[in-house]
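> In case you want the letters, here they are:
Number of protein chains: 2
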Amino acid sequence: LKKIAISVGDLNGVGIEIALHAHDEIIKFCSPIYCINETMLNRASKLLSFKPKNEMQLSHVEGAFQIQSGVIDAQSGLYSYCSFLKAIELTNSKKTDALVTLPIHKEAWSRAGIKYKGHTDMLRFYFKKDAIMMLGCEELYVPLYTEHIPLKDVASTIDEDRLTTFFINLHKSIGDKKVGVLALNPHAGDGGVLGSEESIIKKAIENANSTLDNELFFGPLVPDTAFTPHARKNFKYICAMYHDQGLAPLKALYFDESINVSLNLPIIRTSVDHGTAFDIAYQNKASLTSYINAIKAAISLNAK
Amino acid sequence: LKKIAISVGDLNGVGIEIALHAHDEIIKFCSPIYCINETMLNRASKLLSFKPKNEMQLSHVEGAFQIQSGVIDAQSGLYSYCSFLKAIELTNSKKTDALVTLPIHKEAWSRAGIKYKGHTDMLRFYFKKDAIMMLGCEELYVPLYTEHIPLKDVASTIDEDRLTTFFINLHKSIGDKKVGVLALNPHAGDGGVLGSEESIIKKAIENANSTLDNELFFGPLVPDTAFTPHARKNFKYICAMYHDQGLAPLKALYFDESINVSLNLPIIRTSVDHGTAFDIAYQNKASLTSYINAIKAAISLNAK
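The listed protein sequences correspond, in order, to chains A and B.
Here this note's numbering is used: the first residue of the first sequence is 1186, the next is one more, and so on.
Here this note's numbering is used: the first residue of the second sequence is 1186, the next is one more, and so on.
Please keep in mind that the hints were generated in silico from the structure rather than gathered at the bench.
Some hints here could point you the wrong way.
Same chains, same label: a pair holds when it works inside one copy or across any pair of copies.
[Said to hold, decoys possible] Mimicking DSSO-like on lysine-lysine, the simulated pairs with C-alpha atoms at most 27 Å apart in a straight line are: (1) Lys-1236 <-> Lys-1387; (2) Lys-1470 <-> Lys-1418; (3) Lys-1300 <-> Lys-1313; (4) Lys-1387 <-> Lys-1302.
Please build the complete structure, drawing on both the sequences and the hints.
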């Protein structure tokens, strides 16, 4: 069985309860190693009045604090960071085969003085590589050209060289898949009337196809019609220029099934495709689907 | 039966074929008046080798030219404009109860020297009112705060007064409906880390609710999770800050069913939610669903 390092996420959110509830199921197909100490695991378990039947293997992460369900808290933020760091180290040193992350809270990280905006940002720094964030499921994958930046900053990131490199790196990770590339502007700019970045995207697509000597990247596609049932028949991979452009339609269609994958890194990392869900934390009702799919995807990517 | 003025759209596209094929069906629940002359109607009908069983009532629109299926053409652009203008006049003078538009081609309008970007833009000018564009169907309606502008210009339109007025005008048109309002930035700005426009949106929501003395506007909602099956249970109306934010998930979910409604105008105008579809014009295969839904919505809005 593949060994999977699991970072527990923000303990004030739904992550740990998902891990506890899924444990008896996932040990059928992997060996999970949870990056948390026994005290904190017991506190969470007690709050939930729930314990899995089978023993959980832990990798100790120092720290102790009071869990406050649904609260943005610096201590909880720091602990989720340390759990993640431990899981990276285990996987990078080959003690585990892959890394699956449970959700952290970005503001809790910020309050804890952590300068990274999230998991992918931190991985990028740790490995000094341009990690690519991709969300999705078997039916539809959405790689993101930009991720956690304000909307007003998106247009200025559209750069021919940067986009070309992004497409080439994406191809390295996913192989010879056809990728539909979204335009930036409504109606793909309508011939320049509604914005002009489409000409840059078009050039980058041509560069990438020419470098790869293969017609794999297509577009720029009109963003609001690229996800219709008819259009989805053309592409299983739809590359978005920014976060909500790709993730709003993806989650409208495949919310429960979707997972998050980090591509273009030396290690394999997958994640659930939802946040800390503070509003329903510690109510024993969070869905396990995305987490279990994330573990399965980590194993399947590892087998490649 | 309500009288519906129908503007025939660009005659080189799918509009007129949809009107011809749907005629025998729609006369069961309305009296359509087609803004076209007999010569042009006959030319389209002949090209399609199709004629409805029941007679069609026409309102004469001057002009004659050769129909060229799938071609962007100034004459065809001009004719679609004149048909639209006639339909507005019929409805504004109460000769008809509502206006339903078939798709025009924006570039054909531009080539014909027409300065408006589309139907909504023209209505805004004609009535000197800030028309609100809303797309959707029974299950989900998406009013748009901004429409056909480049993505880079969206953030600077987020203004407290302008947004407040928009919410109040929207309420005037749709009545006491609960409306979920999307944030501008990913994760609704994540407490300011990913953008700060959410504080402005929040204030405008508070202003509108306070003016209306009713809690009708909610948010700002995290954009990429507002369209999940679970979240859609909360709001049938989801207001988007920009075009693709709202329309990509809407069309992913309800492409065939959706229609386009112009709100905040002295007349009722609905439209199909698709373009001229030049690639399949004059093949007798365009879907009638959006058009029939648009007529039904016009009648139902008229009954209010």
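> Which hint numbers doesn't this structure obey?
Hint 1 is the one this structure does not satisfy, whereas the remaining hints hold.
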